[in-house]
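*Asks:* Following the hints, position chain B against chain A.
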Amino acid sequence: MALESGPVTDPTATARHATTERRTARFVLTGIALAFLALFLVLPLVSVFVEAFRKGPTEYLAAFSEPDAQAAIRLTLLVASIAVPLNVVFGVVAAWAIAKFEFKGKAFLTTLIDLPFSVSPVISGLVYVLLFSSQSALGPWLKSQGIEILFAVPGIVLATMFVTFPFVARELIPLMQEQGTTDEEAALSLGANGWQTFWHVTLPNIKWGLLYGVLLCNARAMGEFGAVSVVSGHIRGLTNTMPLHVEILYNEYNFVAAFAVASLLALLALVTLVLKTLLELRYGAELRAVGGH
Amino acid sequence: MDVRVSGVRKEFDRFPALHDVSLDINSGELIALLGPSGSGKTTLLRLIAGLETPTEGKVFFGDEDASLKSVQERNVGFVFQHYALFRHMTVIDNVSFGLKVRPGSSRPSKDEIRRRSSELLDFVQLSGLEKRYPAQLSGGQRQRVALARAMAIEPRVLLLDEPFGALDAKVRKELRRWLREIHDKTKHTTVFVTHDQDEALELADRVVVMSQGRIEQIGTPDEVYDRPNSPFVYSFIGESSSTEVQIKNGELWFDGQALGISSDRPDGEGMLYFRPHDIELIDASNRGIAGTVVASRRVGATRRIELAIAGATDHVEIEIPADHPATETSRIAFRPKHWRVFPKS
Chain A
1 MALESGPVTD PTATARHATT ERRTARFVLT GIALAFLALF LVLPLVSVFV
51 EAFRKGPTEY LAAFSEPDAQ AAIRLTLLVA SIAVPLNVVF GVVAAWAIAK
101 FEFKGKAFLT TLIDLPFSVS PVISGLVYVL LFSSQSALGP WLKSQGIEIL
151 FAVPGIVLAT MFVTFPFVAR ELIPLMQEQG TTDEEAALSL GANGWQTFWH
201 VTLPNIKWGL LYGVLLCNAR AMGEFGAVSV VSGHIRGLTN TMPLHVEILY
251 NEYNFVAAFA VASLLALLAL VTLVLKTLLE LRYGAELRAV GGH
Chain B
1 MDVRVSGVRK EFDRFPALHD VSLDINSGEL IALLGPSGSG KTTLLRLIAG
51 LETPTEGKVF FGDEDASLKS VQERNVGFVF QHYALFRHMT VIDNVSFGLK
101 VRPGSSRPSK DEIRRRSSEL LDFVQLSGLE KRYPAQLSGG QRQRVALARA
151 MAIEPRVLLL DEPFGALDAK VRKELRRWLR EIHDKTKHTT VFVTHDQDEA
201 LELADRVVVM SQGRIEQIGT PDEVYDRPNS PFVYSFIGES SSTEVQIKNG
251 ELWFDGQALG ISSDRPDGEG MLYFRPHDIE LIDASNRGIA GTVVASRRVG
301 ATRRIELAIA GATDHVEIEI PADHPATETS RIAFRPKHWR VFPKS
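Same order as they appear, the protein sequences are chains A and B.
Start counting the first sequence at 1; every next residue gets the next number (full-length UniProt numbering).
Start counting the second sequence at 1; every next residue gets the next number (full-length UniProt numbering).
The shape of chain B in the complex, shown without the other chains:
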């Protein structure tokens, strides 16, 4: 099922949570809504589900305008951040709830409901735990019950709010891979909300980066990582460093010398963004960004150093090989291998 969000604005008591958001989700896609807290990602998810109504704009499921439909009529599978399992019901009763509450005409027979629920529990690898109560399950198991319960109603779209937020790091990684497998098997159109960029980049077909109620960038994990289209995306996804540069005649200048980097921006001041690991060290006499090492720490296989560079109050971070001889107060020069220049804000 295609989902189309068209010009949606949402205000809570006059406080805007989303400004004019539009998003096309293709059938069978796995989409991540990624952003810091307060960016509006959960609001967007809840609008798609019908748990909130937009102040302006529309939500389409296929060609059908779903904006006017209630959450019950939209037939979406929603997995809540803390799962919201019914604590007084057993696992199997939780999973079969959505089928049991259907009106008589479309409700499957008791045996059929039981069969389908058991099948789903089998699918999420929880067979044998049918009679348990949610309080008797681990976090990862509850998460899987919540997913099975959402899938039981044969939803047109699967929506997950911070699906791994409440789990510890190890379980998170396992479930992440497992969710991808589930998605590849069932081909449900799936949207999930996360503030964890690793999760979004690893799992999603496309990532929607959000900030302050707006969509900053929509793209594949490669696109948003390699070609961020704004300073926000650059600094939010992956590590980034930035420094002030001048643009003269289509070339970048730093501290009175040309860097040998061309730019199609108009002359003036700009901000040069690059990844700390994506640089080459050069001889200090060559054209590049030179600075004095003020701090150095070992990060895994590499060493991360902070450079005090000319004319900048903030230090610039770069990564160098762990066996590099640089110590504090050494001078080092480098040039980014990939970069982007944005107007100075």
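If we strip away everything but chain A, and leave its shape as in the complex, we get:
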């Protein structure tokens, strides 16, 4: 408050008293925001890397040469490479249906898509345990067929897909709604079939929004902890993803290794952030072009 009170000493500023005050207020507000950012975002991020390099780069790299860590990284990549493409397909289909067609229950479907956002990830995981455990209706039958879902890769993929389902659809629905259906009608009237219309007209119109959704979806798929933790069973070297591996190492007081693996996830977040910002610049221009068309 001391910043705001008191006469302004700068003689050139007295003439523009009002602006000077606004500037003071601006400094205070910006200062508070930056302090929050530093405290809650930058500091933890830096401490991840500080902890990871506490015993030097050799120890840091050693954390990745461990077979369990490598297995966790491989599993995370595998899960993301299955869950993200499937969610892209589902997301595009759902957004297409919602944005381009009128049908009964559309509002319900839109709400349903948001469900994974509103449900705690732990519940999402438990749902799969209920569905596929040996006490469930499906579990014994699947077991007799030799199909393992729980405490195996399929369960992890399913839980990840559930949690990351909304990202692509949510990104595309408003975009496709804004674009309307005239471009598609134009393509159809020119003789294009449904697939050609989608491939040559719809997809290019939504490509930046789609990429943006894929990016967010991927970041979440690799970083998901809660739901995956419930269904994975924490079998070292088999069903541990990177976030789960970090937890195990941390609980074993192996701080350097834990933070080393965590730093990889933090890097992923940073790369995602940079790509997202670049896309927003690009994608924003695209949207403006749509509006001015």
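Read the hints as simulated data drawn from the structure, not as lab findings.
Just so it is clear, the structure is predicted and the values come from calculations on it, not from any experiment.
Don't take each hint at face value.
Stated by the list, open to error - Chain A is faced by these chain B residues, among others (derived, beta-carbon under 10 Å):
| # | residue |
| --- | --- |
| 1 | Lys69 |
| 2 | Ser70 |
| 3 | Val76 |
| 4 | Ser242 |
Ideal Cβ placement from N, Cα and C applies to all residues, glycine included.
*Replies:* Just chain B now, with coordinates in the frame of chain A:
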């Protein structure tokens, strides 16, 4: 290609957009669907294209029932109100799209597609802009790309939805004339939708006047302007004035005196419609419609005045020469030169 719309009704969620519409379009004709917004004109155009399916009734292309065919199979050239150009494709790619997506057996060779597209761009006077994107074109240029794209598929019918709606007044007039020239050269059967009567009257061979999902009148521009068949057409096309009259023994009476105008309507009350400019001023002592000037404004070469006349709450508008000495509160009498009497609604 003749197009015949036969007894078509269209409902959207129980809300009727078209009631029992029938329309015959001759091969090579240029037809305007004219009406206020909500009159169903765009719905009718989209039904012909196959972008909507009728709730009842049929659409024929020649002798063939097109009602059951999809929009792709109908082979119509549709120009959308805001053109709907593919923004990520260049001008030439937009124009050649319809040929490129054809199935292998009927698709021309790459060179042939390129040649035909360039030819069309030349035809719509856009050579040199092949590599541009739609965002880099003016409104008038986009309109012409949209037309070239629609013509590239050698359509049986050309359908245009408010083709000049998004353009400024000057470009509109140029393109209007240009579209007429294009039509005279290509002889495509063409239907366009407009809410602008000048556009419809200037361009079309025949005008279809629509209101509230019905066709009010079909006729040449002269017919719908000179012989409107309903009060709606009278007031929608051109300027019109109307006043209440009595019909007695086949003659029109106003304010207790005969106007010297005969009518074949039965005795009773009626509405007299006429054009404000199509009147003759007469001596106040003669038989005519007399009133007091309440407002006067200069409109171009003439002066338009509002008259308060006996027994009417609404004022009647007429046009008089700009140098006429009448001022406010002057009394003026007139008689319409052309008119129509409709039953009082």
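*Asks:* All hints, please: hold or fail.
*Replies:* To see whether the hints hold, each was checked on the structure:
Contact between B:Lys69 and chain A, as hinted, is not supported at the beta carbon level, the nearest pair being about 12 Å apart and thus beyond 10 Å. The interface hint given for B:Ser70 is met, as the beta carbon of that residue sits about 8 Å from the closest beta carbon of chain A, less than 10 Å. Proximity of B:Val76 to chain A holds as hinted, the smallest CB-CB distance being about 6 Å (cut-off 10 Å). Proximity of B:Ser242 to chain A is violated relative to the hint, the smallest CB-CB distance being about 40 Å (cut-off 10 Å).
When each numbered hint is compared with the structure, violations occur for hints 1 and 4.
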